[in-house]
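Those protein sequence lines, which keep their order, are chains R and L. The opening position of the first sequence corresponds to residue -5 in the numbering used here, with each subsequent residue numbered one higher. The opening position of the second sequence corresponds to residue -5 in the numbering used here, with each subsequent residue numbered one higher.
Hints are computed from structural coordinates only; laboratory data are not their basis. Built from N, CA and C at the ideal position, the CB exists for glycine as well. Careful, some of the hints might be misleading.
Just some of the chain L residues that point at chain R, by a computed CB distance under 8 Å [said to hold, decoys possible]:
#1 Ala21
#2 Ile80
#3 Gly323
#4 Glu327
#5 Trp414
#6 Ala441
#7 Ala443
Residues from chain R that face chain L, not an exhaustive set, calculated with beta carbons under 10 Å [claimed, not checked]:
#8 Pro89
#9 Thr370
#10 Asp396
Number of protein chains: 2
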Amino acid sequence: MTVREVTMRAHAAEAAVRVTPTAERIAWLNGAADALADNVDLLVEIAGDETHLDEPRLRGEMARTTAQLRFFGDVIADGHYLEVIIDHADATAAPPRPDLRRMLRPIGPVAVFAASNFPFAFSVAGGDTASALAAGCPVVVKAHPGHPDTSKETARLVRASLEDAGAPDGAFDIVEGLQEGIDLAGDRAIKAVAFTGSLRGGKVIHEVCSGRDDPIPFYGELGSLNPVVVTPRADLERGASLAAGLVASFTLGVGQFCTKPGVIIVPTDSTIEGTLPSLLPQDARPMLHPGIAESYRAGMRRAVGTGGAEVISGSLDHHEDAASPVVLGTDIENLMLHRDVLLDEVFGPMTLLVRYRDIDQVGALLDVLTGSLTATIHAGQDEDIDDLVESAGRIAGRVLFDGWPTGVAVTWAQHHGGPWPATTSTHTSVGATAIRRFLRPIVFQDAPARILPPELLEDNPLVVPRRVNGNLEVGPMRAGAGTDRDIDR
Amino acid sequence: MTVREVTMRAHAAEAAVRVTPTAERIAWLNGAADALADNVDLLVEIAGDETHLDEPRLRGEMARTTAQLRFFGDVIADGHYLEVIIDHADATAAPPRPDLRRMLRPIGPVAVFAASNFPFAFSVAGGDTASALAAGCPVVVKAHPGHPDTSKETARLVRASLEDAGAPDGAFDIVEGLQEGIDLAGDRAIKAVAFTGSLRGGKVIHEVCSGRDDPIPFYGELGSLNPVVVTPRADLERGASLAAGLVASFTLGVGQFCTKPGVIIVPTDSTIEGTLPSLLPQDARPMLHPGIAESYRAGMRRAVGTGGAEVISGSLDHHEDAASPVVLGTDIENLMLHRDVLLDEVFGPMTLLVRYRDIDQVGALLDVLTGSLTATIHAGQDEDIDDLVESAGRIAGRVLFDGWPTGVAVTWAQHHGGPWPATTSTHTSVGATAIRRFLRPIVFQDAPARILPPELLEDNPLVVPRRVNGNLEVGPMRAGAGTDRDIDR
Chain R
-5 MTVREVTMRA HAAEAAVRVT PTAERIAWLN GAADALADNV DLLVEIAGDE THLDEPRLRG
55 EMARTTAQLR FFGDVIADGH YLEVIIDHAD ATAAPPRPDL RRMLRPIGPV AVFAASNFPF
115 AFSVAGGDTA SALAAGCPVV VKAHPGHPDT SKETARLVRA SLEDAGAPDG AFDIVEGLQE
175 GIDLAGDRAI KAVAFTGSLR GGKVIHEVCS GRDDPIPFYG ELGSLNPVVV TPRADLERGA
235 SLAAGLVASF TLGVGQFCTK PGVIIVPTDS TIEGTLPSLL PQDARPMLHP GIAESYRAGM
295 RRAVGTGGAE VISGSLDHHE DAASPVVLGT DIENLMLHRD VLLDEVFGPM TLLVRYRDID
355 QVGALLDVLT GSLTATIHAG QDEDIDDLVE SAGRIAGRVL FDGWPTGVAV TWAQHHGGPW
415 PATTSTHTSV GATAIRRFLR PIVFQDAPAR ILPPELLEDN PLVVPRRVNG NLEVGPMRAG
475 AGTDRDIDR
Chain L
-5 MTVREVTMRA HAAEAAVRVT PTAERIAWLN GAADALADNV DLLVEIAGDE THLDEPRLRG
55 EMARTTAQLR FFGDVIADGH YLEVIIDHAD ATAAPPRPDL RRMLRPIGPV AVFAASNFPF
115 AFSVAGGDTA SALAAGCPVV VKAHPGHPDT SKETARLVRA SLEDAGAPDG AFDIVEGLQE
175 GIDLAGDRAI KAVAFTGSLR GGKVIHEVCS GRDDPIPFYG ELGSLNPVVV TPRADLERGA
235 SLAAGLVASF TLGVGQFCTK PGVIIVPTDS TIEGTLPSLL PQDARPMLHP GIAESYRAGM
295 RRAVGTGGAE VISGSLDHHE DAASPVVLGT DIENLMLHRD VLLDEVFGPM TLLVRYRDID
355 QVGALLDVLT GSLTATIHAG QDEDIDDLVE SAGRIAGRVL FDGWPTGVAV TWAQHHGGPW
415 PATTSTHTSV GATAIRRFLR PIVFQDAPAR ILPPELLEDN PLVVPRRVNG NLEVGPMRAG
475 AGTDRDIDR
């Protein structure tokens, strides 16, 4: 099928998917999760061949993927995501006020651009697909070329499970190819695009979305430095264990996570810097594909060459398609001088230590960083870090204390987003509220009850949490916690 | 002051405005409302001279403007707008789950581009300013050149009232000028832009926002056709009264409302069409400024000339800066042929009757319309209109039954937005949820209580509605209904 044939099917399915009762959409999500879980051995084998990610990692990722599909079932069962608000008519107001009933409704067919580094959790049946289907939107996935067979097999399983569950034709499909992706984002049937990938690729698709006759939302997650600040007291109190934690975090998954800590801001002569070299694994591990390995080495060479960073530990030597961990170092003054080079995200197991002489220099440094998914603070017990928290909060969507940014729990509260280029909108791409991206408000004014969606009926047959005449009404909850899972990103 | 000096003051005030307690921000909003109310005579006089809007209209608009400022105080007092979500740590989860505490926080300094047609309600102290200040964002207004003295006097009153209320310097300011507006949208201190105006002007500012090194959200409200569908039964049952309602709506405010019904879809040989000419006022009334009057006449001439529409009633003759009402007519076939011309919004007291022979033609017609703020259906008692509602819901943010789209109540449920170009985002620009545009999520992971904002503290000292471990908790409400007001747009 051509892209246009695929999107026409999605368009044709739009109304049917939208009005499918919540319980049935939950069954779709659970059915897809079951189908993937039943075929985990095969999928992990294919994905392992294609991505070089190891089996435990892939099995963990699959567990998270299926949990995520089920979690979005909980989110829609709860009903609060619909943001129902009802204002009754008031004939005594001047002028008289009509009856207004607002809710969120599915935005329409969504294009999901899969990521290279998560063949399951951010790919064909990943978070964006789960949240868009949960919202009631048909989904067309643009497969990532890094794992084509994994994508095809996943799509086959999802499509079959949806068909078994009675979902309309066109509720889910997949396309492949660079030009096909561009055509998909520009297709008039598509009403929103979710994209996880590089800044360069993301900009291309963003421009397609903005340049349409009818521009549509582009929800991109495009890159993140994830700065980590270590105060002198934290370094003094626990520098060696911080070094160990840092190594574990930035080398996890061969450094191929959006949340890899890329800039570590430490005092001069820190215990962390002294300890790191002895902890750094020297073995080279295969990256997702040769292009990423090549970009990794090029990024490091640029940081050392043009950027003037020193190699603290590790080797920049050629490893073919594999990468070994590297720690670079510089001081704040040099970073400010070469920030265009040194603050470019390098995807892979490299991190840059930036030394400060005075903790008061750090706020100004954070202010020049671009937006990040995360910012992390390691401080001493009861240390005053208000200024650091203020600076971190300006640039990041998640501020961590005494932890490491890799590992993103899929929960109600999670926020995986941040100022540009971390994400291109003020919405998360992980966690319950990710569903908001694929919904738009609609209000019915003085509508006869017979045409109202059940969520807006006066007697609230679906027991949806809602605000009526200004007062929040929360009925009995039907969902709960306990289905949250972690995603390492 | 230069634009840069103004934005640097806004930037410097950002943290102070953000952490100002809710009760104080409410006092700012009420103080501004009081200051405007105390000076209503002067403001109405100045605005009348500058805009040619009549005194009752301007007094009504001022009442709505002050009510709107106070209403956003209720919205933030309620606390639900913060979307607080807390997930407790779970050490038994695999992997262990951290403590996550999410809320929305102010996005930072906001640029508000004022509209020409509402010198109060969508201008210096209008809805965007009210919702941004309520959210905790410094505001820099780009004044509309159509009412410069009104803008200056309003700004002076707002600034003085904020100063009296102890707001930080830089919490509110104003700039003027075309280039100044472009500089403002491109300024690195500005974190979001709200714009109400023309598609052409909006596109320029949108491109500035998208072309920055750090693209920022552009919340534009850019135009709307507001289609109205009349079924044969409705025409039969009450065609004459529908004609009267239509005339009142499309001529209100000399047709200078975003919600003016611009396309009326009626059966051939309708009572409405037959009745309209006798109801149409023939007097010419002054428009906001000569440019709008000129565009109005040019738009009508294009519709009749290139577009092949007929004049059903009214005159296209020259009226200098004034406009008299005009009703044009065409059939569906001609509309489809010339839709690029006939579906261009014409700002002013003109509406286009589009005749259908069969109600089944109407769905396809609605499908070719661009996004609108509203779509209205007039049907017979208990008539089956499911297909019409489906089509209307696809293109509009507000679907009305047996009413007229002008008049937008400022309430909790209101949605004033729609698919592009009605608005450029999935957020409203009128009603309680307009505040969401100026907020972004942040999550604190394993944060010590001493650094948490009070809204995220475990014992909930501010009694904010929140979700904890998946369960919604709604405390005693402190706000309520009763402050809603209408805005004619």
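A quick look at each hint next to the structure:
no., hint, result
1, Ala21, "violated (21 Å)"
2, Ile80, "holds (6 Å)"
3, Gly323, "violated (27 Å)"
4, Glu327, "violated (22 Å)"
5, Trp414, "holds (5 Å)"
6, Ala441, "holds (5 Å)"
7, Ala443, "violated (11 Å)"
8, Pro89, "holds (5 Å)"
9, Thr370, "holds (9 Å)"
10, Asp396, "holds (6 Å)"
Checked against the numbered hints above, the structure violates hints 1, 3, 4, 7; every other hint is satisfied.
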